[in-house]
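Protein chains: 4
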Amino acid sequence: MAKVAVVYHSGYGHTAEQAKAVIRGADSVAGTNTNLIPVDQIEQHWTTLEAADAIIFGSPTYMGSASAQFKTFMDASSKPWYTQTWKNKIAAGFTNSASQNGDKLNTLIQLAIFAAQHSMIWVGLDLMPGNNNSKGSVDDLNRLGGFMGALAQSNADQGPEAGPIASDLKTAERLGARVAEVANQFLAGRK
Amino acid sequence: MAKVAVVYHSGYGHTAEQAKAVIRGADSVAGTNTNLIPVDQIEQHWTTLEAADAIIFGSPTYMGSASAQFKTFMDASSKPWYTQTWKNKIAAGFTNSASQNGDKLNTLIQLAIFAAQHSMIWVGLDLMPGNNNSKGSVDDLNRLGGFMGALAQSNADQGPEAGPIASDLKTAERLGARVAEVANQFLAGRK
Amino acid sequence: MAKVAVVYHSGYGHTAEQAKAVIRGADSVAGTNTNLIPVDQIEQHWTTLEAADAIIFGSPTYMGSASAQFKTFMDASSKPWYTQTWKNKIAAGFTNSASQNGDKLNTLIQLAIFAAQHSMIWVGLDLMPGNNNSKGSVDDLNRLGGFMGALAQSNADQGPEAGPIASDLKTAERLGARVAEVANQFLAGRK
Amino acid sequence: MAKVAVVYHSGYGHTAEQAKAVIRGADSVAGTNTNLIPVDQIEQHWTTLEAADAIIFGSPTYMGSASAQFKTFMDASSKPWYTQTWKNKIAAGFTNSASQNGDKLNTLIQLAIFAAQHSMIWVGLDLMPGNNNSKGSVDDLNRLGGFMGALAQSNADQGPEAGPIASDLKTAERLGARVAEVANQFLAGRK
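Chains as they are written, first to last, in our numbering: chain P, 155 to 345; chain R, 155 to 345; chain S, 155 to 345; chain G, 155 to 345.
A few of these clues could be false.
When chains are identical, the list treats them as one kind, so a pair holds in a single copy or across two.
[Said to hold, decoys possible] Think about it this way: if two alpha-carbon atoms lie no more than 20 Å apart in a straight line, the pair counts; the simulated SDA-like pairs of lysine to any residue are:
1) 241 x 282
2) 289 x 312
3) 174 x 233
4) 241 x 167
5) 233 x 331
6) 157 x 339
7) 157 x 343
8) 174 x 339
Keep in mind that the hints were calculated from the coordinates and are not lab data.
The structure presented is a predicted model; accordingly, all values stated were derived computationally and were not measured.
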């Protein structure tokens, strides 16, 4: 029974929708226990993270990297870092911003480096890029063409009821399912 | 009279279109002299680069970073690096790939780090992101939302006659014009 | 008369020493006016930044990227970003951490992407790498071999009286001087 | 019995020493089968990679990213990418350069993004940083303070008999052992 935790920050609700989709994906994998943790409730959840087999990190991309609110959590994790409590947990990441590209990749790189400092094992998407040919559309899975994690785009002038759009949420679901699959396999292989 | 050189690689012709657009942009700025250098002709052009006030680097994004052909040129530049011949030249970059995001940002980061090793001065775009709101479209300038340089997306199943699309080419033109403006101003300020 | 501002965060005083060294370097260039702004006093200094010709960003590297305190400032700058008030200002960056490498480069990349979003112009170091050959030592200028900006390393168990060491501080001074030189030249070239 | 392959390029022999150390580490883990593949012999080894449970990528850092020779291999892997043949294999990376920092992190990021495109699972080091306190020295394990993979530094004026130094080689050994451990556990958990 793999335990998957999602820790996320959301400024306007878009990234929260993406986080919920990741959880839905993880829940769809048999034998998975999930926890959705808004970063402002982290104080009650350090032990949840300690017990988790996988932690998925989610943040909007603000000015080219993870939000200050999410970075506050990352910096506070120097305590479990020092004891390497998260070693060998599966890690993954997702991010949302208004621009199509919007330097979102840099947030995923930041999260992957962070996870590496914790000696975690990084799992990305396993989806070919969508919307990259003449028959493609924004409704394709992985329509933004990310690999290190799940990307979403939400219009700057619309609330979370309008974005991320369905294809981005399905992409996030796949990330959650993939992490659950990998975490379960890795757990099953433990001596 | 600022001299602007564009060095680029193009596998299938898409990045070549983007390179030509960058040159058009630079040419549109009064007092600018331009040179378009396909990377396979670099052997005849090291002195052109040495004489340039600005060098703009362009490569497709293959497997998440600049193409091997372009990297061959980058590695060969260890000679001018050793003598710091390119010091204080203006630098900029552009890249094309089939995916919307497609890890293109990583190519621009790679080029910016490369330019920093040469003690060059990096100029990005000065365009707000397009296609990031409910009234936006793929026809917006900077529709992909890049900042470190000019991004373009071309469908995987179409030739350079179909992509990059007009908005991406205009974005590339703006990068060329901006580099020419900055190079001219920087040149005018030299004692 | 170029105006150079340094905005920085320092958790334990090491990065503050580096910031002071950057200011010393900028002050050493004739015709330069400097401002040293701790990030917790930023509220009184948004107009200082608006008036500056160059802004140099400094942060410790915590868990692989800029500190949450510094990121709070970066996120708050979305206001001048929206109006592109910092467009064409010179930008640069510096960072300190306890490890020799310690993912410091990622902080500089984060700052360079941030500056690009503001349409600023990025200036790195112009120093060859030190301590990279059999005659080298930790006393060499640029002993850590950075290019995108100034790197410093301070021991985890010592205060700012012991680190950054002299070579790192001289490297920071060179960054400050270089930014002042480039800012003055760029200013002189304005029509 | 996990199969671990190391694919590497080495310009002057330093990275080859690092590659051999990675193999030694992997060989030290019971139930591991290893293959050391110089990148110029890759044509005979695509099936070795296809059969591997883990692939570790190694390249010198030239001008801030993986060498052109290694990038040629990366670009050629677009074939197994297209069929996602390497999906769920464990991936890791190592790099060497003459500078202490020398933008080596950017090579590891480049390799991690590359691995993510192949839907591989990224494993970094599990070593705390060395040489980061007043009692530290260059003889510490992970003396350069890397996390995404194994870093090594070799003096520019010395051959592979002098560098990478013993601590860097032991760090590389640990990466190899860690990858073998994770690959074996992941393999054991497969249904």
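Verification of the hints:
1. 241 x 282: Between copies only: 11 Å across chains, 29 Å inside a chain, cut-off 20 Å.
2. 289 x 312: Close across copies (11 Å), not inside one copy (27 Å); limit 20 Å.
3. 174 x 233: Result: close neither inside a copy nor across copies, 27 Å intra and 30 Å inter.
4. 241 x 167: Neither way: residue 241 and residue 167 sit 31 Å apart in one copy and 30 Å across, limit 20 Å.
5. 233 x 331: Answer is neither: 29 Å inside a copy and 26 Å across each miss the 20 Å cutoff.
6. 157 x 339: both (12 Å within a copy, 18 Å between copies)
7. 157 x 343: both (15 Å within a copy, 16 Å between copies)
8. 174 x 339: neither (23 Å within a copy, 30 Å between copies)
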